[in-house]
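*Asks:* Read off the chains here:
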Amino acid sequence: MDAIVKAIADIWNESGYKRLFTLGTEGNLLERIATGGVGNLIMIAIACFLIYLAIKKEFEPLLLLPIAFGMLLTNLPLGDVMRQQFNTLVPLTEEELAHMQQGIFDQVYPIFEMNGKYYWQHFETGGLLWYLYQGVKFGIYPPLIFLGIGAMTDFGPLIANPKSFLLGAAAQLGIFVTYFGALALGLTGNPDLTFTEQQAGSIAIIGGADGPTAIWLTTKLAPELLGPIAVAAYSYMALVPIIQPPIMKLLTTKKERSVVMQQLRPVSKTEKILFPIFVTIIVVLLLPSAAPLVGMLMLGNLFRESGVVDRISKTAQNELMNIITIFLGTTVGATAKASTFLQPGTLLIIVLGLIAFSFGTAGGVIFGKIMYYATGGKVNPLIGSAGVSAVPMAARVSQKVGQEENPGNFLLMHAMGPNVAGVIGSAVAAGVLLTLLG
Amino acid sequence: MKITGIAAAAAANGANILSDAALVIAIGMIVVFSALIVLTAIFWIFGKAMHKNPTNSADIKEARQFVPQATAPVKQPEGISSEVVAVIAAAVAATAPEGTQYAVRSVRKVRSTRGERPVWAAAGIAENTRPF
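Chains as they are written, first to last, in this note's numbering: chain E, 1 to 438; chain Z, 1 to 132.
What the hints contain is simulated information worked out from the structure, not anything from laboratory work. Hints are supplied without guarantee of correctness; some may be wrong.
Only some residues are given here: those of chain E computed to face chain Z with a beta carbon under 10 Å [as the list claims (entries may be wrong)]:
#, residue
1, K163
2, Y179
3, N190
4, L193
5, E197
6, L287
7, P288
8, A291
9, G425
PhoX-like mimics (lysine-lysine), calculated; alpha carbons at most 25 Å apart, straight line [stated by the list, open to error]:
#, chain 1, residue 1, chain 2, residue 2
10, E, K269, Z, K109
11, E, K254, E, K163
12, E, K378, Z, K48
13, E, K220, E, K337
14, E, K400, E, K57
15, E, K163, E, K337
16, E, K163, E, K269
17, E, K163, Z, K109
18, E, K272, Z, K109
19, E, K254, E, K57
20, E, K254, E, K369
21, E, K163, E, K255
C-beta atoms are modelled at their ideal positions from N, C-alpha and C, and glycine is treated no differently.
Work out the full structure: start from the sequences and follow the hints.
*Replies:* Encoded structure:
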């Protein structure tokens, strides 16, 4: 009977359940919650809420669901899915040393010699998600996601109306304004409100509304903030239909919103094939740090438009995209551990991300108004808001708001131009931030 | 004096941080706009060249919608509906070589002679035995 009780007690002591209701040992109450099992419990609840949003409310489920489940897995105590692989050196005992000199090895590990002393080189395997996370850490997955996005994107509306590039550029204003704001907060002297330049740059890129770009830049500038930034970026992309319309209506008049734009000219196959080649050469020569993102985006698009590599194009759009999405989402979510996520800075990141996104929308709409006046009323300023990179949701929002004023107005294809230009613009902006802050 | 000195140093540091941040904003927006302005100009020029140059008309034709010419009504016997005629015309269009000019003038039901397989049955057999 005692043996059974002891066995049950051992199982309980080694289970995650026991750890769930503990507090950390150092720091103030918030820090002790964040580092203890209670923090894990809070994060499990947040992960379940995000799973609910993904499934029931369909908030960007393709990414939010793996992110939320990765967050759940990493916060289950003692699961160690994100445990790092490591080697430790354990000195040989005198007996083991004597055996070694006789050619007998008491352990299976290799022996390492350093300064005349001998050590066992113990190798501990890392967790599953740690190995998959290396694709994020080395900046491999986001460019591959861009490969798939390029293969799925039709740049025809942009080529037909090249002025849309400027709207895509204007919408990146939110990134740089937020960068300034994030650094300005540090002047308050409060350490919880202080970000380094690299952290400010990573937070600011949320304003590009481009998940892969945000993850790519954050892994290079501030990997410790990857969890909250990824969750914020994908949540705001899902909230585009809620965040943008009030800003669009605030900055435009009814007359401006009712503008019906001229039908786009036809775009030839030659133009569509030359587009990715030209963009790659021009942008990468100007900004070499943007080569992985812009290069993969344009490679995917060339696969699509060339018409001679249909199999590869389909793979990039479907199988490759799906596999990388699973790996990227799950491992990014797994970086959101309680000790890093439950910080005052996390809430600030979420607020700053919203500011970045809002300023990006405003920047695009304001430049749209400038184009409205410059062209004598031919450009509907609403398409400027589509300059954020949330393809195609932002373009649909422009269409919807335009149709509220004029039911016969179809702005969708006109808005797709700035929308896809914004993908290029946010990649360029990320390259600038990496060059200046990296 | 020391506190004032520290406060002044903090203010100067803050001013430096903000001025550096403003510089990043300026450089960032200039670079982003420059890159995209260059792309705008290139594709605007390219668009003009594509529409201006007659040798590129073959590419432009590909993007234009086909406007069918008006033709005389198709002669069709009793028992064949307009929908069947439309389906037959679509099947001919799908199998005809690209660029072929044609017009469907009449449709006639082919009667199989005694002993011969119906046409559809023959087509099905041919389809299934093609690999052999």
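*Asks:* For each hint, tell me whether it holds in the structure or not.
*Replies:* Each hint, compared with the structure:
1. The beta carbon of K163 (chain E) is positioned within 10 Å of a beta carbon in chain Z (closest approach about 6 Å), and the interface hint is therefore held.
2. Proximity of Y179 (chain E) to chain Z holds as hinted, the smallest CB-CB distance being about 6 Å (cut-off 10 Å).
3. The closest approach between the C-beta of N190 (chain E) and any C-beta of chain Z is roughly 13 Å, which is over the 10 Å cut-off, so the hint fails.
4. The interface hint given for L193 (chain E) is violated, since its Cβ lies 13 Å from the closest Cβ of chain Z, which is over the 10 Å cut-off.
5. For E197 (chain E), the suggested interface contact is upheld, since its CB lies about 8 Å from the closest CB of chain Z, less than 10 Å.
6. With its C-beta approaching chain Z no nearer than about 7 Å, L287 (chain E) sits inside the 10 Å limit, and its interface hint holds.
7. Hint status for P288 (chain E) relative to chain Z: violated, with the closest Cβ pair at about 12 Å, above 10 Å.
8. The interface hint given for A291 (chain E) is broken, as the beta carbon of that residue sits about 13 Å from the closest beta carbon of chain Z, more than 10 Å.
9. With a least beta-carbon distance of about 6 Å to chain Z, the hint placing G425 (chain E) at the interface is held under the 10 Å criterion.
10. Annotation: proposed proximity of K269 (chain E) to K109 (chain Z) is violated, straight-line Cα distance about 41 Å (limit 25 Å).
11. As the CA atoms of K254 (chain E) and K163 (chain E) are separated by approximately 23 Å, the hinted pair is consistent with the 25 Å bound.
12. Proximity of K378 (chain E) to K48 (chain Z) is assessed by CA-CA distance (about 19 Å); at most 25 Å being required, the pair is judged to hold.
13. For the hint pairing K220 (chain E) with K337 (chain E), the CA-to-CA distance comes to about 19 Å; that is within 25 Å, so the pair holds.
14. Of the supplied pair hints, the one linking K400 (chain E) and K57 (chain E) holds, its CA atoms being roughly 20 Å apart against a limit of 25 Å.
15. With a CA separation close to 44 Å, the supplied pair K163 (chain E) and K337 (chain E) exceeds the 25 Å bound.
16. Restraint check for K163 (chain E) and K269 (chain E): the C-alpha separation of about 20 Å stays at or below 25 Å, so the hint holds.
17. As the CA atoms of K163 (chain E) and K109 (chain Z) are separated by approximately 56 Å, the hinted pair breaks the 25 Å bound.
18. With a CA separation close to 46 Å, the supplied pair K272 (chain E) and K109 (chain Z) exceeds the 25 Å bound.
19. Note on K254 (chain E) and K57 (chain E): the hinted pairing is violated, with a Cα-Cα distance of about 31 Å set against a maximum of 25 Å.
20. About 12 Å separates the Cα atoms of K254 (chain E) and K369 (chain E), which keeps this hinted pair within 25 Å; it holds.
21. Our distance criterion of 25 Å between C-alpha atoms is met by K163 (chain E) and K255 (chain E), whose separation comes to about 21 Å.
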